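**Student:** Chains A and B supply the protein sequences, listed in that same order.
Its first residue numbered 0, the first sequence is counted upward by one per residue in numbering that gives the first Met the number 0.
Its first residue numbered 0, the second sequence is counted upward by one per residue in numbering that gives the first Met the number 0.
Honestly, the hints are just simulated from the structure, not real lab data.
Coverage of chain B stretches by chain A, computed from C-beta distances (three or more under 8 Å per stretch; other residues unrestricted): (1) 29-38; (2) 232-243; (3) 276-287.
With a straight-line cut-off of 25 Å between C-alpha atoms, the simulated SDA-like cross-links for lysine to any residue are: (4) A:K64 x B:A274; (5) A:K5 x B:L30; (6) B:K164 x A:F82; (7) A:K81 x B:L30; (8) B:K498 x B:E449.
Sample of chain B residues facing chain A (criterion: CB under 7 Å; computed from the structure): (9) T153; (10) L154; (11) P156; (12) E157; (13) S159.
None of these values were measured; they are calculated from a predicted model.
Quick reminder that beta carbons are idealized off the backbone N, C-alpha and C, glycines included.
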Amino acid sequence: MPKLIKHDRVIDDAWTLLGADAAAGDVPATGPVLVPLRLWQAERSALLARGEIGVWLAPDEEPAKLAADVAQLPVIAVDFPKFGDGRGFSTARLLRERYGFAGELRAVGDIFRDQLFYLRECGFDAFAVRSDLDPERELAGLTAFDRVYTASTHTPHPWFRERVTRVAEAAPRDVWFPCG
Amino acid sequence: MYRYDAFDRSIVHRRVAEFRNQTRRFLAGELTEDEFRPLRLRNGLYIQKHAPMLRIAIPYGLLSTRQLRALATIARRYDRGYGHFTTRQNLQLNWPALVDVPEILNDLAEVEMHAIQTSGNCIRNTTSDHFAGVAADEIVDPRPYCELIRQWSTLNPEFSFLPRKFKIAVSGATTDRAATLVHDIGLHALRGEDGGVGFRVIVGGGLGRTPMVGHVIHDFVPEAELLNYLDAILRVYNRYGRRDNIYKARIKILVKERTPTRFAEEVEAEWAHLAGGPNTVPEGEIARLAAHFEAPAYESLPPVDSGYRAARADNRAFERWVERNVFAHKVPGYAAVTLSLKKTGVPPGDVTSEQMEAIADLADTLSFGELRVSHEQNLILSDVRQRDLFELWSSLRTLGLATPNIGLLTDIICCPGGDFCSLANAKSIPIAEAIQRQFDDLDYLHDIGELDLNISGCMNACGHHHVGNIGILGVDKNGAEWYQVSIGGAQGKHAALGKVIGPSFAAHQMPAVIARLINVYIARRSEEETFSDTVRRVGIEPFKEHVYAEAHQA
Ligand code: SF4
Chain A
0 MPKLIKHDRV IDDAWTLLGA DAAAGDVPAT GPVLVPLRLW QAERSALLAR GEIGVWLAPD
60 EEPAKLAADV AQLPVIAVDF PKFGDGRGFS TARLLRERYG FAGELRAVGD IFRDQLFYLR
120 ECGFDAFAVR SDLDPERELA GLTAFDRVYT ASTHTPHPWF RERVTRVAEA APRDVWFPCG
Chain B
0 MYRYDAFDRS IVHRRVAEFR NQTRRFLAGE LTEDEFRPLR LRNGLYIQKH APMLRIAIPY
60 GLLSTRQLRA LATIARRYDR GYGHFTTRQN LQLNWPALVD VPEILNDLAE VEMHAIQTSG
120 NCIRNTTSDH FAGVAADEIV DPRPYCELIR QWSTLNPEFS FLPRKFKIAV SGATTDRAAT
180 LVHDIGLHAL RGEDGGVGFR VIVGGGLGRT PMVGHVIHDF VPEAELLNYL DAILRVYNRY
240 GRRDNIYKAR IKILVKERTP TRFAEEVEAE WAHLAGGPNT VPEGEIARLA AHFEAPAYES
300 LPPVDSGYRA ARADNRAFER WVERNVFAHK VPGYAAVTLS LKKTGVPPGD VTSEQMEAIA
360 DLADTLSFGE LRVSHEQNLI LSDVRQRDLF ELWSSLRTLG LATPNIGLLT DIICCPGGDF
420 CSLANAKSIP IAEAIQRQFD DLDYLHDIGE LDLNISGCMN ACGHHHVGNI GILGVDKNGA
480 EWYQVSIGGA QGKHAALGKV IGPSFAAHQM PAVIARLINV YIARRSEEET FSDTVRRVGI
540 EPFKEHVYAE AHQA
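Same shape as in the complex, but just chain B (with noise of 0.2 Å):
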């Protein structure tokens, strides 16, 4: 894990005691609402329907124990005791007061953490793989260079002020955990003939009003040179996005306006004076960063623990969390657990502050005191024993992490919507509840397999709508809040849009149109295949006539 220094901590510091100033200023009537907005906004702080929202970064979804107490306590402290974990493995509280910001900002520099940029138009959070370092597909280890664009990225003085907001993915692994194709820049860490790192780089993906995905405008560039790219990238980006209109202010727009291949020899041209240059990355500078992020003190154990093979074969119930929860780690004997944020009847995302330190308490007996938050929005405990993992099952139990259904259609991934969102069109959790009701067997849960069901209260598709392989989006109707429902979405290296099925519906029957879909899919499978297999080979009508239908008939 990444450990400030000196200077590290200066800039969170430095930056506290600006927006101090800034917020004393802005209460004090020395700033406009309008001169008030960008300057919180960069620092997290929007302005939401009951109360600011504050948006906390977690780099990379990386987090200490010390680091989760903390927001722990600034949860009960300042908020209402829990904290809700985005898609962007971000953390963001939603009941603070514009006063206790600065205090906030503070307490969190305390533990080198900070909402620096967290919203606004500019260069956003990175994001990466929640398995970095630990899965077995993993090519090259995507956290140092994670921190080094956290760093470049961070008061970015030439990017500060961007058409619009920017999101950087890493990711290192064969299989994309990170949702790279829709990001504004997604990289893939890849190693080159001579076993040199360099990055794969993909322009111009992105959900929201205008999905798209992704183009590859260069193969490999050198890890020396990663920062000189990305700077040609927002050179461009910065000087001809639009400014004219916020919905075509992406970058995905001018890819798509100069197309793919002249925006790519726009880059070129404008590396070509950068390469070599300044921001040059030196050898001993990704050292020094990797260092950081060395593996733990393993011990060597046997690839099966015989406890531990005994435990699932026994119970049931541990084994289908095993199943579900449970990743294989590249050193024999360990495992990577996922605690599950989708418990029915609780927000998709949510945790309280007793439970942030009860797995805070696990993470330092079972996992070498570290965490990492998924961009599907549950947390990981990413190096436990595969003796203990029994014992973790069962306190998880207790604490209502330990639902088994990560990947399946309840591990919904849900933005705040209605119920917080000042931007939404409809509400996402009750929803995202009432379909968990509806399919709360678990029996059934399993049989139907793996589903990705995502849902955003409006189309700035926070909830990832377009990419789940069933997608639910909000929409206003005269005043009144429908679902639309699209389905073939996909994420990952093969990431692909979905298809809207028809008229959208109404919230109560909403529940009744999921089974349906699933109707579908479990007359239609073929052995083996998933929901989203099927949707590719049947295409979208039978659901839709099987939807349809029957919502005549009701």
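Just chain A, same shape as in the assembly (with noise of 0.2 Å):
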């Protein structure tokens, strides 16, 4: 069975994900499966009977689309078809914070350990890393950074709100330098 990374841990991933081409007679009649928004758009009422339906978002797709159903789906996937291909992190903060998205956020497509941290400061909990890695070894990724500077969805708060208090604990260089 294919692998996910989701809460900082690999598991099993059940899920099925259909090509941006996909047609309602594609969607298998049981398991869960991702649908491309478009498909979702046009078979809404079909798809939320038959259920374990999440839907995934090409780059250029607005999340606002999704903004009336995010309480309905359990799983909403963002698709990065390049590494250098930025849009889907705004696209996974506006998901969570503006449209209060609280299910399953994953990442697919050209997913790799270097940008794991980054997306889940950005509100991805799940990363469908690419096929040809091995995922337990991606997990490294996720532990680059403790946190950054600025706020985020992970990070509600930027460092300047937690300074006073945290630095004056801090001190010890082990605390902050676990990788020397």
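Take the two lone chains and join them into the complex the hints point to.
**Tutor:** And the structure:
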């Protein structure tokens, strides 16, 4: 079974992802499935009735299109067709912070360890790393940093709001330098 | 000067560890060249013609002497004993070995420096006024805000994979010395009616293939909202900036396609959601940052030192240097001094390790242990007592750093060009040198007066040729190196883009072409007019005619 990094560990992934051109007839009778936005919009009530449906967004698709559906969808995925295409980072923050999506937010596509930390900061909690990679090894990307300065979905306060208290407590070098 | 705390240190050290791991994976074949490229780029590492090039960030151009000495040591140990200061106030090393780069980054981290986001499609080093904190025309000291932006932008998770590189410049003075109108975002720090600080926000300026002067999209964003407003701009750009064509991917194209008005509306709509949110900057944080930039312990001195006045009267060479290289200071009895990195025969912006160490010694004894890098690729000692200027000048002369040419024709802004850069169409350093040799008569040079001459080796415009009063651009004609000349550009508050005067020239013609442009100016100028004033008044035709008429006969 394919693997998924979710909540910072590797688990089995039961979800099937249907390609951008999938039609209603391609949806399997059973099992959890991620459908493209277009198919979701066309078949919303039928898909809702079937259950176990998630939707995936391409980088140029507006997260606002799912604003009314966030409570019904257990999973939303955002596609990163290329490592360097960073639109999905904004998509994720909007889904979480503006539209209040609380389900699994999954990054799919050209995903490997060097984006994982940034993706999690932006609200992703699940990562389908590229199938040629060992997800256990890619997990290392999540611990590249503890946090950065700015506020984001995962780290709701910028460092300057914590600075006063935390710096006073910090001090010993190894608290902050676990990697040497 | 900003000093790191434990958290700042942890960020740079973790970054070094991360890059060490990425380099190891690349060298072991676990990362392909394509995968490694964006990772090394966001650590300032390019693969150049001869070797990798490492670009080290000098946040808003501010350096301590401890840092400068560390840079000298790094350049000697891992490179060929020199570095190159760039038009974005950074330092480039041209010859490091890839395997050494993690070590170099580690040495940098030890002195609170890094190479984070000095290249790649992310928010680059924020640049500012090299006279910040000392200029008499300053309204607001921009440095605390630059540091605020540096921290916000460092490893910003949402904006680490932008359509293209993104540059922010901040000015807080009446005179814009930070080229804010030709940046992706330019910020002018202002005081509101109640005395509170806010920012005029300019977007969509830039040089490169499609040069543009930026547009004001907001007149006064209060300081507390600065990061929320920047988040709004960057989010609109990250989501809608073009990614299909790298030549159309800068924010200036988005602003143009949307129109500045519509773009501003989109930013406002996004800001409406973010305003008052987590990134709102509390007063305490601004005060904390500002405390790092408190003025040094100035002595109270008479406005004019008598020994200094006498030395100026007695010594023509000293006087000439004072006229060009010494800048008035807001504190009586002090001056800011520009060390010219534009000596003829030395590539503009280059400094050897020995020079760096000697400069650090001078800054320690004469200027409170700090210095600045200007975007014109010179170094500045910002707090020198007038009575020490003669001694400083004498030392700088020995070091070859006292060329009295700041703001003059030979103070050339010049990119590394074809000697180093793999993107170049043509060499730029030898052209700068040939022009400097043509104008080696100091009396004549001073008579010509203020003139910005800028050279880029290709349309990426690292040498800011569009905003030079005279701009030179390397072009490729059937594999040969040619040079296109434009005039009428300007930087500062009245930034303007130059106009090309006509067909391009071969390298050997360039000194004569510049000489002819100057001849027209000398013949046509009226009292007190600078070169760019004359061009503005008479237009480019007379210049064009003279240059090409004579070229014909030659
Ligand atoms: S302007 Fe062109 S040649 Fe010069 S440094 Fe930039 S990319 Fe290289």
